[in-house]
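Chains as they are written, first to last, in my numbering: chain L, 1 to 469; chain G, 1 to 362.
Because the hints were derived from the structure by calculation, they are not lab data.
Some hints could be false.
Stated by the list, open to error - Heads up, simulated DMTMM-like pairs for lysine to aspartate or glutamate below, C-alpha to C-alpha not over 20 Å straight-line:
{"hint": "1", "chain 1": "L", "residue 1": "Lys468", "chain 2": "G", "residue 2": "Glu40"}
{"hint": "2", "chain 1": "L", "residue 1": "Lys432", "chain 2": "L", "residue 2": "Asp419"}
{"hint": "3", "chain 1": "L", "residue 1": "Lys468", "chain 2": "G", "residue 2": "Glu158"}
{"hint": "4", "chain 1": "G", "residue 1": "Lys83", "chain 2": "G", "residue 2": "Asp52"}
{"hint": "5", "chain 1": "G", "residue 1": "Lys35", "chain 2": "G", "residue 2": "Asp52"}
{"hint": "6", "chain 1": "G", "residue 1": "Lys35", "chain 2": "L", "residue 2": "Glu262"}
{"hint": "7", "chain 1": "G", "residue 1": "Lys118", "chain 2": "G", "residue 2": "Glu202"}
{"hint": "8", "chain 1": "L", "residue 1": "Lys298", "chain 2": "L", "residue 2": "Glu262"}
{"hint": "9", "chain 1": "L", "residue 1": "Lys128", "chain 2": "L", "residue 2": "Asp358"}
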Amino acid sequence: MDTLTWTGTAGRVLLPALQVASIALAVALVAKLLFVLARLDGPRLPGPDGTTTARSPGDLASLAIRYSFFAALAAIFFMLVAGAVMPSPVGAGILGAMAIRFWPVWLALSVTFVVSVRFRRKLGLYGKLFDSTVGMIGFAIVMFWVFTAIFADVIITHDPFIQLSGLKNKPPGIAAPDSPYGWYLLGGDLLARDVFSRMVMGAREVLKIAPAATMFAFMVGITLGLPAGYFGGRLDAFISFLANLVLAFPVILLFYLLVTPEIRVTGIPVVLAALLFIFPIVFLTVLWNSRFHTDPMKRNRYVGVTLVLGLWAYSGLAFNMDPLGIWSMQPNMLNVFVSVVFVNSPGVFRIVRGLAMDIKTRDYVAAGQTRGESPWYIMLWEILPNARGPLIVDFCLRIGYTTILLGTLGFFGLGVSPDSPDWGSTIDDGRKLLNLFPHPALAPALALMSLVLGLNLLADGLREESLKD
Amino acid sequence: MGLFVLRRLGVMLLTALALTFVVFYLTNLQPNLEKLARTEGSVRMTDQAVQDWIAQNGHSGSVFARYGQWLGIVPGWTYTDEKGQTRGRCFEIGQDAASAPSHCGLLQGNWGFSTFFKKPVAESLVGKLAATGWLMLAVMLVMVPSSLLLGVLSGMREGSATDRTLSTFSIASTATPEYVSGVILVALLATAATGISPILAEYGLIEPKKTLFLASATSAMDDITFWNFSLPVLTIALYGIGYIARMTRASMTEVMTQQYIRTARLKGVPFRTVVMRHALRNALIAPFTVIMLQFPWLLNGVVIVESLFNYKGFGWTLVQAASNNDIPLLLACSVVAVVVVLLTQLISDIGYVFLNPRIRLT
Chain L
1 MDTLTWTGTA GRVLLPALQV ASIALAVALV AKLLFVLARL DGPRLPGPDG
51 TTTARSPGDL ASLAIRYSFF AALAAIFFML VAGAVMPSPV GAGILGAMAI
101 RFWPVWLALS VTFVVSVRFR RKLGLYGKLF DSTVGMIGFA IVMFWVFTAI
151 FADVIITHDP FIQLSGLKNK PPGIAAPDSP YGWYLLGGDL LARDVFSRMV
201 MGAREVLKIA PAATMFAFMV GITLGLPAGY FGGRLDAFIS FLANLVLAFP
251 VILLFYLLVT PEIRVTGIPV VLAALLFIFP IVFLTVLWNS RFHTDPMKRN
301 RYVGVTLVLG LWAYSGLAFN MDPLGIWSMQ PNMLNVFVSV VFVNSPGVFR
351 IVRGLAMDIK TRDYVAAGQT RGESPWYIML WEILPNARGP LIVDFCLRIG
401 YTTILLGTLG FFGLGVSPDS PDWGSTIDDG RKLLNLFPHP ALAPALALMS
451 LVLGLNLLAD GLREESLKD
Chain G
1 MGLFVLRRLG VMLLTALALT FVVFYLTNLQ PNLEKLARTE GSVRMTDQAV
51 QDWIAQNGHS GSVFARYGQW LGIVPGWTYT DEKGQTRGRC FEIGQDAASA
101 PSHCGLLQGN WGFSTFFKKP VAESLVGKLA ATGWLMLAVM LVMVPSSLLL
151 GVLSGMREGS ATDRTLSTFS IASTATPEYV SGVILVALLA TAATGISPIL
201 AEYGLIEPKK TLFLASATSA MDDITFWNFS LPVLTIALYG IGYIARMTRA
251 SMTEVMTQQY IRTARLKGVP FRTVVMRHAL RNALIAPFTV IMLQFPWLLN
301 GVVIVESLFN YKGFGWTLVQ AASNNDIPLL LACSVVAVVV VLLTQLISDI
351 GYVFLNPRIR LT
């Protein structure tokens, strides 16, 4: 079997087209810059007789930039499409073959987008996201990785742990005659495993922890930040001091101290987990109680369900003592999870505290106080819903930050099993031979970058749209 | 003002004590001490021997007392074995125990003995700190001007094409942690196999088999050159640039909507002058604090980049201390880190008050 080329058969036509478009784009960018510096960049204004004047050179350069950019984009797009309709990977090339492997993702993405755009007027802030280009691009990238994580089993071409002899550090597109698929699309790594499959599986590893850890950090931050901001005084001073203490720690030092095999023996992660995991239960219990305490039947129902489910999960996750054995977490996973939540919580606390201090001066809070509502009702049902905009934006940003933190942990080999396909440790594995074989490290690096970029763009779009209210 | 600084210094001291105690506690956990005993004594020690070693080398007893010894406010430990030889925290074997000082800790200038470098901690850390200092300086020189320029340019005309382009760049740079940008930069600029170095070599612009930049900064320890120092500096700076630029942009856009800017524009002052004279000074107050608070992040970046580029500075030392269970060295590293973080916080607060005429402390 032959080694695959990057673009396959279609590339023979489209690759030169892409080259021409890129060169045109570069020329146009330079021209635009020169025109701006030479002040030949005036806007196109209507003349005295109502017609528009001729375009300035700078304006023409902008047009050229736009069209060459779209031409380049179209060339890449057709390359992927042409690859995807080719029957065999040889004609499709590496890019096309990858596009084919991701078919469940494309399908799910298009369904999501069609449905969301169709009903966007009924979907609140989520629907408004589709009015912002930046937000839409960000959302698409994030959902791409989410669906990749969900459908990872279908997408991978090889078992991410299996080693095929003779494929150690081989370049992308190398033929793998002994395997059913036949090629290593992105080459082989240090231990002759498939880089492509490991990258896809890595998405699952990351997305299993990052959103959940961020959610827990938010529960902790909200439950502590609301009273600190609302009551102020000694309570605020005390919790703020603790939060600043954690924030003053260099993150890597904290990880080196908290995520080691030795510390698992001492039980400190379990204590931390017991402390941090109780917050969601407290939060929900107080949330229901403050709202429904006038209707004991309803209150008992809500609080009862929360307590039963919450404490059941709590016993399993924190102490690994779930009587039914459904909730459990591996010790090293728990260690990583707890440390990430611990590092993130003070940041959330500070934001929630600031928002609470700002919102508690509003009239509707005063109205609630005059009605005689309990402080917790005001905090959770008056202040929190009105702080949701900045919190949602920060949530997106913080998932990205958590992803970076997890990558850092993997990069230093902390808390993950040695052959784990998560992106951080794959980058760490790859960097040892970076000078000679950059591809095993580049694939996960670009994957991690695109996910975090997507989350940041999504946050930017959400911020823009939520400010429009 | 004086009272404010004093109170801040008090809180700082308290924070530093709490943080060092946490580090001391976590590094002196029983499993860590057992590991230390096995590396210092012998790997095949029995459990009893390990316990004895810990007790005989001053690692037993209350953690508070040991922390006090490390600080220098509690007398150092001594131990007399069955042969009548006395060892202790403050003196070597064979030295006269009576003439040695009773206290020897941080307050007396004794940082302990590094088991990894096999020499006193203070001595081994100074050189490393100097190396990191150069790195930090270079990063600051690259990062601050470029990020301010980016932020001001994009905040000057909100929503313009320049703004969109530069904002996208800043978002992309904040989305790229050091270990990602480092890998990409090396693959692009510093390998003879891929990237642009082979192309340049083909055109004869650089010598064949050479690369545009060096992927290892070890040689920069002795002699910093553009060739070996660019990539580490660029890698750290890139991650910070986006963040500072976005903060500057936010501050700049806010200033540009102010009444006095509109007044200046309406009275016919050229846009360039409005930006340079009226907007810039007010717009740069907020980024100042952001830049100061960026130092803790730089510390993180330094650890990653120094491991990635094999530059033996503070970050590299921290990683070695942590992975080799070198307790005194790790404690010293954390003291340095904590002091840097707290000092920059203090400077940022005080500087903000000085720069912003609207805030008066009474």
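Hint by hint, here is what the structure shows:
no.: 1; hint: L:Lys468 x G:Glu40; verdict: violated, 64 Å
no.: 2; hint: L:Lys432 x L:Asp419; verdict: holds, 15 Å
no.: 3; hint: L:Lys468 x G:Glu158; verdict: holds, 16 Å
no.: 4; hint: G:Lys83 x G:Asp52; verdict: holds, 16 Å
no.: 5; hint: G:Lys35 x G:Asp52; verdict: holds, 13 Å
no.: 6; hint: G:Lys35 x L:Glu262; verdict: holds, 9 Å
no.: 7; hint: G:Lys118 x G:Glu202; verdict: violated, 48 Å
no.: 8; hint: L:Lys298 x L:Glu262; verdict: violated, 47 Å
no.: 9; hint: L:Lys128 x L:Asp358; verdict: violated, 26 Å
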